[in-house]
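Protein chains: 2
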Amino acid sequence: MEIPVIRDVLEESNALAKENRALFDEHKVFVVNIMSSPGSGKTTLLQKTIPLLQARGLRCAVVEGDITSTLDSERLSPLGIPVVQANTEPFGGDCHVGAHLVQAALKYLDLSALDILFIENIGNLVCPAEFYLGENFKVVVLSTTEGEDKPLKYPLMFRECSVCLISKMDLAPHLDIDVELLKANVLKTNARIKVLPVSSKTGEGLDAWVEWIARKG
Amino acid sequence: MEIPVIRDVLEESNALAKENRALFDEHKVFVVNIMSSPGSGKTTLLQKTIPLLQARGLRCAVVEGDITSTLDSERLSPLGIPVVQANTEPFGGDCHVGAHLVQAALKYLDLSALDILFIENIGNLVCPAEFYLGENFKVVVLSTTEGEDKPLKYPLMFRECSVCLISKMDLAPHLDIDVELLKANVLKTNARIKVLPVSSKTGEGLDAWVEWIARKG
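Residue numbers (the numbering used here), protein chains in the order written: chain F, 71 to 287; chain H, 71 to 287.
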């Protein structure tokens, strides 16, 4: 008698992610999975980044991951791009965007009309790092307000990411933050990560970030 | 033939939490489970709060939850109180402090010599809200830097907590934050929550917070 084996949850998740990846490859869509703590400024960053990419003729869309609410999608809709709100609430209130959620969101997007797809993950510096969604790269946004120690305390996130944006650089003068120490802690956790200090408010550093996206990493 | 049933994970967790609770009751220890996003200022708040409680003759200890590192415990050790670093890494890198972790930490504490025990949870506005550890109350720290929308996007955390400390009030003048709207969003999510604006830097609001702890809620 054959014993039925339930496939490992991560294996199942990776299989779905590979299906997403195949679709992205077929349509040559560059996909960035953006992760961070709540309130580090992911949505504001996208509000500033997308017009700069549009100015280069790049067609963008966003899968907006949240547990509940459409607040972030509403903030992005004035950009006139396709935005799909992907709430985990109907999937049990998951604390991260799963590959199945991206797959569900892709039904609402015309990939043949896209160059860049951003997946804005749920604000959580822990769990989202564990899941491959089919993206080209993972990016972490870390705000200057969060302190220098976060890469050392949440290392998996920084190990998994290709880029670390240090956001809210405009606030640094008002904080007891040592940005050089913060950068050093990021690099101590992942020597190959690209560290880009940015401010969505002043525009500092956005050129380098946009350049990275336009060059597709 | 009897079919073995593995007990539900939450049921198992709650059973351990009740064992913790029985120990706290036996020794009349008031236990506060402090939760927040990474970098909202939980450890700094404890550094400022505990001396004010000590000045009132209250004996404090901290169970310091982290995935990895002893950074926060090292910051608290100058207070001369018992601090137990409880890392989830050996337990699989859990994204929240579990009741089993508190139980393991209690082996290192003399509860008969304590009045107040703080459990500083892992920086995560999502998962920790789901778990009862045996505490008297859950408290959420939300920094002014995180924006007004967080209670609407992460409602479970705010529904589960008895107190919401709005931290880093000293930074509010440098931010595009409407603190009244933030408070309204907290109360919209949980009408019974106590909202206390505080600043660990200036000391604003710490009296009301310390009073709440000293009165044991």
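A couple of the hints might just be wrong.
Which copy is meant is left open, so a pair is good if it fits within one copy or across any two.
As a list, the in silico EDC-like pairs of lysine to aspartate or glutamate whose alpha-carbon atoms are at most 20 Å apart [unchecked claim]: (1) Lys271 / Asp219; (2) Lys286 / Glu96; (3) Lys258 / Glu82; (4) Lys88 / Asp248; (5) Lys177 / Asp246; (6) Lys98 / Glu159; (7) Lys118 / Asp246.
Hints were generated in silico from the structure; no laboratory data involved.
Same-copy or cross-copy closeness of Lys177 to Asp246 [CA-CA at most 20 Å]: Neither: 46 Å inside a chain and 36 Å across chains, both beyond 20 Å.
Copy assignment of Lys88 with Asp248, given that the CA separation must stay at most 20 Å: Classified as neither; 40 Å inside a copy, 43 Å across copies.
Lys286 and Glu96: within-copy, between-copy, both or neither at 20 Å Cα: within (16 Å within a copy, 60 Å between copies)
Same-copy or cross-copy closeness of Lys118 to Asp246 [CA-CA at most 20 Å]: between (26 Å within a copy, 16 Å between copies)
Intra- versus inter-subunit Cα pairing at 20 Å for Lys98 with Glu159: neither (31 Å within a copy, 38 Å between copies)
Status of Asp219 relative to Lys271 across identical chains (alpha carbons, at most 20 Å): Classified as between: cross-chain Cα gap 18 Å, same-chain 24 Å, threshold 20 Å.
Intra- versus inter-subunit Cα pairing at 20 Å for Lys258 with Glu82: Answer is neither; intra-copy 32 Å and inter-copy 38 Å both fail.
Comparing the model with each earlier hint shows violations of hints 3, 4, 5, 6; every other hint is respected.
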